[in-house]
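*Asks:* Chains A and B, in that order, are what the protein sequence lines are.
Under numbering that gives the first Met the number 0, the first residue of the first sequence carries the number 0, and numbering increases by one thereafter.
Under numbering that gives the first Met the number 0, the first residue of the second sequence carries the number 0, and numbering increases by one thereafter.
The set of hints was computed from the structure by calculation and includes no laboratory data.
Certain hints may be false.
[As the list claims (entries may be wrong)] Okay, derived cross-link-like pairs now, DSSO-like style, lysine-lysine, Cα gap no bigger than 27 Å in a straight line:
hint	chain 1	residue 1	chain 2	residue 2
1	B	Lys10	A	Lys126
2	B	Lys246	A	Lys22
3	A	Lys273	A	Lys292
4	A	Lys121	B	Lys78
5	A	Lys121	B	Lys45
6	A	Lys126	B	Lys118
7	A	Lys122	B	Lys10
8	B	Lys78	A	Lys110
9	A	Lys102	B	Lys246
10	A	Lys106	B	Lys15
11	B	Lys189	A	Lys124
12	B	Lys246	A	Lys204
13	B	Lys45	A	Lys124
14	A	Lys110	B	Lys10
15	A	Lys9	B	Lys246
16	B	Lys45	A	Lys9
17	B	Lys118	A	Lys121
18	A	Lys9	A	Lys22
19	B	Lys246	A	Lys122
20	B	Lys10	A	Lys124
21	B	Lys15	A	Lys122
22	A	Lys126	B	Lys45
23	A	Lys126	B	Lys189
24	A	Lys12	B	Lys10
25	B	Lys10	A	Lys56
[Stated by the list, open to error] So these bits of chain A aren't anywhere near chain B, every CB distance computed over 12 Å:
hint	residue
26	Met143
27	Ile158
28	Thr294
Using N, Cα and C, we set each Cβ at its ideal position, and we do this for glycine too.
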Amino acid sequence: MLVINNVSKKYGKTTALNDISLKLNKGACLGLVGPNGAGKSTLLKIIVHIVQAYEGKIIFTGTSNTDQKRTIGYVPQDICLEENVSAIQNLYFFGRIYQLRGKALQKQAEKVLRYVGLSERKKDKVKTFSGGMKRRLNIGCALMHEPQFIIMDEPTVGIDPQSRHYILDMIKQMKEENRTIIYSSHYIEEVNKICDEVAFIDQGKLIEHDTIHRLIEKHAVPAIFFACPNSESLLKDLHQLSDHIQPYKNGYKLTTAHPMRTMEELLGICREKKLALKQFELIYPTLEDIFFKLTGTELRA
Amino acid sequence: MRSILQMELMKNAQDKGLYFWTFLLPIIFTVLFISIFTSGTEGADKEYVIISIVPGYVVMFVFFIMISMGFSFIDDRDKGMVARLASTPLSPYAYLFGKWLPYVLLVFTQIMVLLTFGKVVYNIPIEQPLLLGMLALILTICITGLGLALSLLIRTSNMGVAVTQVIALGGALLGGLWMPLDAMPSLFQKIGKLTPQYWAHNAFQETMTGTLAYNDFFIASLILLTFGAVGFIIAFFAYPSFLNRAKH
């Protein structure tokens, strides 16, 4: 388990992190979401012991202090690879740091190469790789010592959709292996796809931390979407049900505190007026909508 | 530490530019300058010029390794490697030692290759080979110590190039590598004796001719090691600040 207790960090007079507390169970996948400059990378650097001067405590349960670094695999936002040497030599380099030698080192490097889908390019120099391949190898380097905790800082920045898809699949596989993952990103759709929990960070503060399901339940009332050929006559009656009706796609979106009851009433009105609905569904807000609702900040601002 | 050492050696082995700077360019300069300055001379005069130029260009060119050292540290810092390694069990001083040691091997090899070239092509005398070998090692420690300090102090690669040029070329001029110190004004002669190049060049020349007294060997060694030690001390104090810059 990973426990972050009241962690704060200042750079001069600037507060990078302000009293962050989080708890992460073994095997959980946490999406750390916030706009650029929110403090995500600083928090990750504190977790992986890069930044050591901070207030608060980071506790990895089940490991001693000296073992902590051996249980963590850190994937930085920068591509930290030696471009002039081969992919397998880069993996050997990180493996040796964790005392892997000889056959064990070779076997583990081959395994990681298969994992990141670069077995066929293992002897090629990294400088000949595409951005996506470098990103995959960058992740592979963090997996050489089979860490329990994998801390990833925006691992999909600036890559093509195919590589992004590949990386997300890799992370899903890591989840199946019961590794504990922290995945920092400002691509909310990625977090939605792979994470069980999400923590919103803005201006160094933890705004909310919960499972994605509970967050949606807690902060997002679903809206009703409908499309109807004679919507003008329907709209007049609908204003009795809710004042929040706005055009949305090819129809209208109606927001109310009681969406299920309102759906029944809307259907009743349609039956009464003999109007046929072309589309009728509940639409759930995205995590991005919730983030905006909680912080007033656009994620990609 | 072993992982850093191996990677650094591998990187250097792949770097064609490094071969050019380290081996080819000094050989070209040596051949060129010997052919210019020995034209029209014979016998003892010619030998004197060769014994001055060969160690002179060895000493001058080994200082340029400081550029490569600076580039290597700046590259690791800028691409986030230093920060990433801080998240691993590798100790910061193992990283520093692992980065330094390959340059010790490289500089020592460079000195040996250039002297061997001088021996094979110009038949330079090497009367005190043991002392020459020891001096080569001491000069290596001196230069890599200064290189380490420079690498941890500079903010950009260009800054590293500029400072190295000043140290290498300024030291070569003042230290009597380009022209005999006696031919320079007395103030320059005094300043020249404060450069490591002067002591290395003189000691190298004397081991070749077999005239280096043990006393002079110790003095030259002590001065060169002091320069190296100053470099290591500066590096030791600059390292935390380098790490700090690299981590943020």
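*Asks:* Would you check the hint for Lys12 (chain A) and Lys10 (chain B), treating anything up to 27 Å between C-alpha atoms as holding?
*Replies:* violated (40 Å)
*Asks:* Measuring Cβ to Cβ, find out whether Ile158 (chain A) lies farther than 12 Å from everything in chain B.
*Replies:* Its Cβ never comes within 12 Å of chain B, the nearest being 17 Å, so this holds.
*Asks:* Does Lys110 (chain A) lie within 27 Å of Lys78 (chain B) when you go C-alpha to C-alpha?
*Replies:* holds (26 Å)
*Asks:* Does Lys246 (chain B) lie within 27 Å of Lys9 (chain A) when you go C-alpha to C-alpha?
*Replies:* holds (14 Å)
*Asks:* Decide if the proposed pair is consistent with the structure: Lys246 (chain B) and Lys22 (chain A), CA atoms, cutoff 27 Å inclusive.
*Replies:* Within the cut-off at roughly 25 Å; holds.
*Asks:* Sort out whether Lys189 (chain B) lies within 27 Å of Lys126 (chain A), counting only the CA atoms.
*Replies:* Roughly 50 Å between the alpha carbons, so the hint for Lys126 (chain A) and Lys189 (chain B) is violated.
*Asks:* Please check whether the beta-carbon of Met143 (chain A) is more than 12 Å away from every beta-carbon in chain B.
*Replies:* Its Cβ does come within 12 Å of chain B, the nearest being 10 Å, so this is violated.
*Asks:* Holds or violated: are the alpha carbons of Lys45 (chain B) and Lys124 (chain A) at most 27 Å from each other?
*Replies:* Given that 27 Å is the threshold and the Cα spacing comes to 48 Å, the pair is violated.
*Asks:* Just to be careful, I want the Cα atoms of Lys110 (chain A) and Lys10 (chain B) compared with a cutoff of 27 Å; is the pair within it?
*Replies:* holds (24 Å)
*Asks:* Hey, Lys121 (chain A) versus Lys78 (chain B), does the alpha-carbon distance stay inside 27 Å?
*Replies:* Between Lys121 (chain A) and Lys78 (chain B) the Cα gap is close to 22 Å, so the pair holds against 27 Å.
*Asks:* Quick one, are Lys122 (chain A) and Lys10 (chain B) close enough, alpha carbons at most 27 Å?
*Replies:* holds (15 Å)
*Asks:* Going straight from one Cα to the other, do Lys189 (chain B) and Lys124 (chain A) come out at no more than 27 Å?
*Replies:* At roughly 51 Å apart (the allowed maximum being 27 Å), Lys124 (chain A) and Lys189 (chain B) break the hint.
Going down the numbered hints, you'll see the structure goes against 3, 5, 6, 9, 10, 11, 13, 16, 17, 19, 22, 23, 24, 25 and 26, while the others check out.
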